[in-house]
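Peer 1: Each chain, letter by letter, is given below.
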Amino acid sequence: MAQDRFQSHDYYLMDELLTEEHKLIRSSVRDWVKKEVSPVVEEACQKATFPKQWIKGLAEIGGFGPYIPEEYGGGGLDQVSYGLIMQELERGDSGLRSTASVQSSLVMYPIYTYGSEEQRKKYLPKLASGEWMGCFGLTEPDHGSNPGGMLSNIKDKGDHFLLNGSKMWISNAPFADVAVVWAKDEQGIIRGMVLERGMKGFTTPETHGKWSLRASATGELVFDNVKVPKENIFPNVKGLKGPLGCLNSARYGIAWGAIGAALDCYDSALRYAKERVQFGKPIASFQLTQKKLAEMITEITKAQLLTWRLGVLKNENRATPAQISMAKRNNVNMALQVAREARQIHGGMGITGEYPIMRHMMNLESVITYEGTHDIHLLITGMDVTGINAFE
Amino acid sequence: MKILVCISNVPDTTAKINFTSDNKEFVSAGVTYIINPYDEIALARALELTEGTGGTVTVINVGDATTEPTIRKALAIGAADAVRINAVPRDAYFVSKQIAEYVKQNPFDMILCGRESSDYNGTSVPMMVAEMLGIPSVSSTKKLTVDGSSATIEREIEGGKEIISVPMPFVAGASEGMSEPKIPNMRGIMSARTKPLKVVEAVPVPELAKVVSFDKPVQRSSVKLISPDDAGKLWEMLRDEKKVI
Ligand SMILES: Cc1cc2nc3c(=O)[nH]c(=O)nc-3n(C[C@H](O)[C@H](O)[C@H](O)COP(=O)(O)OP(=O)(O)OC[C@H]3O[C@@H](n4cnc5c(N)ncnc54)[C@H](O)[C@@H]3O)c2cc1C
Numbered sequence: 110m111a112q113d114r115f116q117s118h119d120y121y122l123m124d125e126l127l128t129e130e131h132k133l134i135r136s137s138v139r140d141w142v143k144k145e146v147s148p149v150v151e152e153a154c155q156k157a158t159f160p161k162q163w164i165k166g167l168a169e170i171g172g173f174g175p176y177i178p179e180e181y182g183g184g185g186l187d188q189v190s191y192g193l194i195m196q197e198l199e200r201g202d203s204g205l206r207s208t209a210s211v212q213s214s215l216v217m218y219p220i221y222t223y224g225s226e227e228q229r230k231k232y233l234p235k236l237a238s239g240e241w242m243g244c245f246g247l248t249e250p251d252h253g254s255n256p257g258g259m260l261s262n263i264k265d266k267g268d269h270f271l272l273n274g275s276k277m278w279i280s281n282a283p284f285a286d287v288a289v290v291w292a293k294d295e296q297g298i299i300r301g302m303v304l305e306r307g308m309k310g311f312t313t314p315e316t317h318g319k320w321s322l323r324a325s326a327t328g329e330l331v332f333d334n335v336k337v338p339k340e341n342i343f344p345n346v347k348g349l350k351g352p353l354g355c356l357n358s359a360r361y362g363i364a365w366g367a368i369g370a371a372l373d374c375y376d377s378a379l380r381y382a383k384e385r386v387q388f389g390k391p392i393a394s395f396q397l398t399q400k401k402l403a404e405m406i407t408e409i410t411k412a413q414l415l416t417w418r419l420g421v422l423k424n425e426n427r428a429t430p431a432q433i434s435m436a437k438r439n440n441v442n443m444a445l446q447v448a449r450e451a452r453q454i455h456g457g458m459g460i461t462g463e464y465p466i467m468r469h470m471m472n473l474e475s476v477i478t479y480e481g482t483h484d485i486h487l488l489i490t491g492m493d494v495t496g497i498n499a500f501e
Numbered sequence: 208m209k210i211l212v213c214i215s216n217v218p219d220t221t222a223k224i225n226f227t228s229d230n231k232e233f234v235s236a237g238v239t240y241i242i243n244p245y246d247e248i249a250l251a252r253a254l255e256l257t258e259g260t261g262g263t264v265t266v267i268n269v270g271d272a273t274t275e276p277t278i279r280k281a282l283a284i285g286a287a288d289a290v291r292i293n294a295v296p297r298d299a300y301f302v303s304k305q306i307a308e309y310v311k312q313n314p315f316d317m318i319l320c321g322r323e324s325s326d327y328n329g330t331s332v333p334m335m336v337a338e339m340l341g342i343p344s345v346s347s348t349k350k351l352t353v354d355g356s357s358a359t360i361e362r363e364i365e366g367g368k369e370i371i372s373v374p375m376p377f378v379a380g381a382s383e384g385m386s387e388p389k390i391p392n393m394r395g396i397m398s399a400r401t402k403p404l405k406v407v408e409a410v411p412v413p414e415l416a417k418v419v420s421f422d423k424p425v426q427r428s429s430v431k432l433i434s435p436d437d438a439g440k441l442w443e444m445l446r447d448e449k450k451v452i
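The listed protein sequences correspond, in order, to chains A and B.
Using this note's numbering, read the first sequence as starting at 110 and increasing by one per residue.
Using this note's numbering, read the second sequence as starting at 208 and increasing by one per residue.
Be careful, since some hints might not be right.
Simulated pairs of lysine-lysine, DSS-like, Cα-Cα distance not exceeding 30 Å [as the list claims (entries may be wrong)]: (1) A:LYS383 with B:LYS423; (2) A:LYS411 with B:LYS223; (3) B:LYS449 with A:LYS390; (4) A:LYS339 with A:LYS390; (5) A:LYS383 with A:LYS132; (6) A:LYS230 with B:LYS402; (7) A:LYS383 with B:LYS431.
What the simulated footprint calls covered on chain B by chain A, stretch by stretch (three residues with Cβ under 8 Å from a Cβ of chain A suffice, anywhere in the stretch; the number is not a length) [to be verified]: (8) 386 to 393; (9) 439 to 452.
No wet-lab data here; the hints were simulated from the structure.
Just so you know, even glycine gets a beta-carbon here, dropped at the ideal spot from N, CA and C.
Modelling step: build the complete structure from the supplied sequences, incorporating the hints.
Peer 2: What follows is the structure in structure tokens.
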């Protein structure tokens with residue numbers, strides 16, 4: 110990628126709603142992304158590898174468990190800080206943000222929220238420092254939008270459980286040291302547990318050939334009679350609300366993250382439109398280009414206001430899952446539309462790795478599907494406003 | 208070893224520069240402020256020099272309360288404590304006098320500044336501070352190492368470099384190459400919340416110079432291209448439009 114000339118856009122002076130510390134956190138993550146991510150992300154995506162050197166930096170800038178209390182190695186920061194970190198990471202690349210989201214919201218969050226004190230002490234500090242990386246296994250080959258139908262199961266063998274089944278599309282799986290896994294017990298109740306790499310019968314084959322999130326490693330989790338010690342089961346949650354609680358936290362971060370991707374596309378398109386001359390004028394002087402740019406910044410600004418308010422509600426513990434669904438759905442779709450329009454503004458250059466646009470656009474095709482598809486979130490809003498379940 | 212790093216609060220290098228209608232004052236509304244980039248290099252080197260040695264780095268800024276976010280950033284990067292001389296910086300003489308007065312009461316082994324600040328590019332503060340304290344000063348420092356009670360400094364000069372040895376205490380102005388600016392990490396940002404930031408009232412300083420006005424550079428006009436086979440047109444334009452021949 111050419112030099113990262115990103116400048117952020119704040120049309121409604123939203124910065125006035127942030128604290129100085131929020132802004133310092135944001136600028137630090139942005140500086141880190143410009144220094145360590147932008148110069149290598151294009152090549153990483155072309156080669157479909159996750160640059161492992163990012164892990165240490167991600168840990169240092171607060172990418173792993175920023176809102177987990179300090180006594181467990183987290184940052185003890187608020188939800189707006191978490192959102193801003195996700196926004197800046199996804200401004201760099203959605204795959205980078207995915208790695209941080211999974212570690213924070215899908216691995217550290219459940220261990221902190223549902224785990225025993227021993228589990229918290231054993232795993233959280235190492236996950237916060239990046240010494241251990243985690244993954245989250247919910248989706249199965251035949252159960253994506255309907256995780257409640259999962260087939261993975263555990264059987265009580267007295268001093269341990271025996272786990273069988275498989276998970277698919279699992280971010281970070283190929284290199285994860287620990288996995289938070291959801292499976293049904295003999296009563297058909299969903300239970301959560303922590304698996305460690307090296308447990309007999311537990312393998313993590315990598316998924317190849319993705320056209321999206323190429324800088325994030327994705328794989329399967331295969332459980333073939335894995336002996337899971339009883340102390341690895343989460344004592345404090347039973348049922349689907351366990352994994353859904355994690356998804357709430359991750360989706361909240363994605364709602365912010367998507368704004369980062371959209372800002373990067375808009376910023377690049379705005380600059381390109383002012384510099385690129387056709388018919389003797391910058392293309393920014395044509396009404397059709399201005400329409401695209403004006404609509405982009407309008408949608409970005411609306412999304413910024415939505416997430417900021419959601420962040421305040423989340424800080425006050427008042428954000429409902431349906432509110433989070435609305436923000437995730439709106440913002441990811443917004444980012445995808447911005448990426449598509451931005452790509453057109455860049456003309457042929459827009460399909461190359463010289464500009465981040467095509468990469469963001471392809472990444473966002475995963476983001477609009479994972480953590481609840483675009484349509485599933487619509488049904489959640491529909492159910493919330495009508496009181497009628499349209500899923501089944 | 209105690210190091211003082213002078214931190215200037217300057218507009219972001221990409222900020223739009225505007226002045227009031229009488230051209231006397233900079234319009235700061237809507238401008239993001241940052242640590243002067245050369246000061247960031249000085250701070251980074253100071254932290255490297257004290258790391259693991261039990262030494263400390265203090266940052267000092269002459270400014271009103273609006274500069275505190277910039278000072279907090281310096282604390283987040285790693286300075287142990289900070290001093291803010293409570294006054295709007297009027298000019299280099301004013302700023303230098305405030306810093307020198309503070310150092311007279313609170314001695315340091317080394318005072319590092321940026322070689323210049325990216326707003327007014329005066330380049331005078333490091334030299335003035337040194338002069339007021341009666342200690343050596345070195346400008347445009349590209350490398351700085353400490354041996355015992357003196358330091359070896361590599362200075363940038365036209366077409367080459369100069370190696371200098373100075374006894375402590377001294378003042379040096381940091382240039383590119385002395386170190387790499389550091390990005391604050393999360394632990395640093397969190398610990399900066401509780402690090403001491405002392406506010407000291409300014410000493411009176413006579414006003415020796417006054418800004419009459421600021422003028423922005425004249426906008427470059429657009430370029431007209433003339434094809435090589437139409438060279439006569441160039442001659443006509445120079446004669447009729449520009450009236451230079
Ligand atoms: C790159 C990537 C990384 C991922 N990482 C993880 C991870 O780390 N951990 C994890 O557990 N999972 C992960 N996932 C899985 C992801 O969450 C699922 O892909 C997602 O939930 C959708 O499931 P599915 O792919 O089985 O699609 P399906 O559920 O089969 O959906 C196919 C289509 O049918 C629609 N549909 C389904 N049900 C309904 C309905 N009732 N009404 C209307 N439309 C419906 C959907 O909206 C969608 O358009 C990842 C996926 C990707 C692509």
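Peer 1: It remains to establish, for every hint, whether it holds in the given structure.
Peer 2: Each hint tested on the structure:
1. A:LYS383 with B:LYS423: 23 Å, holds
2. A:LYS411 with B:LYS223: Between LYS411 of chain A and LYS223 of chain B the Cα gap is close to 25 Å, so the pair holds against 30 Å.
3. B:LYS449 with A:LYS390: Cα-Cα ~24 Å, so holds.
4. A:LYS339 with A:LYS390: Answer violated: LYS339 of chain A to LYS390 of chain A is near 70 Å, above 30 Å.
5. A:LYS383 with A:LYS132: 28 Å, holds
6. A:LYS230 with B:LYS402: 28 Å, holds
7. A:LYS383 with B:LYS431: 19 Å, holds
8. 386 to 393: Holds, because 4 residues of the region 386 to 393 of chain B bring their Cβ atoms closer than 8 Å to Cβ atoms of chain A.
9. 439 to 452: That given contact is violated, which follows from only 0 residues of the region 439 to 452 of chain B lying within Cβ reach (below 8 Å) of chain A.
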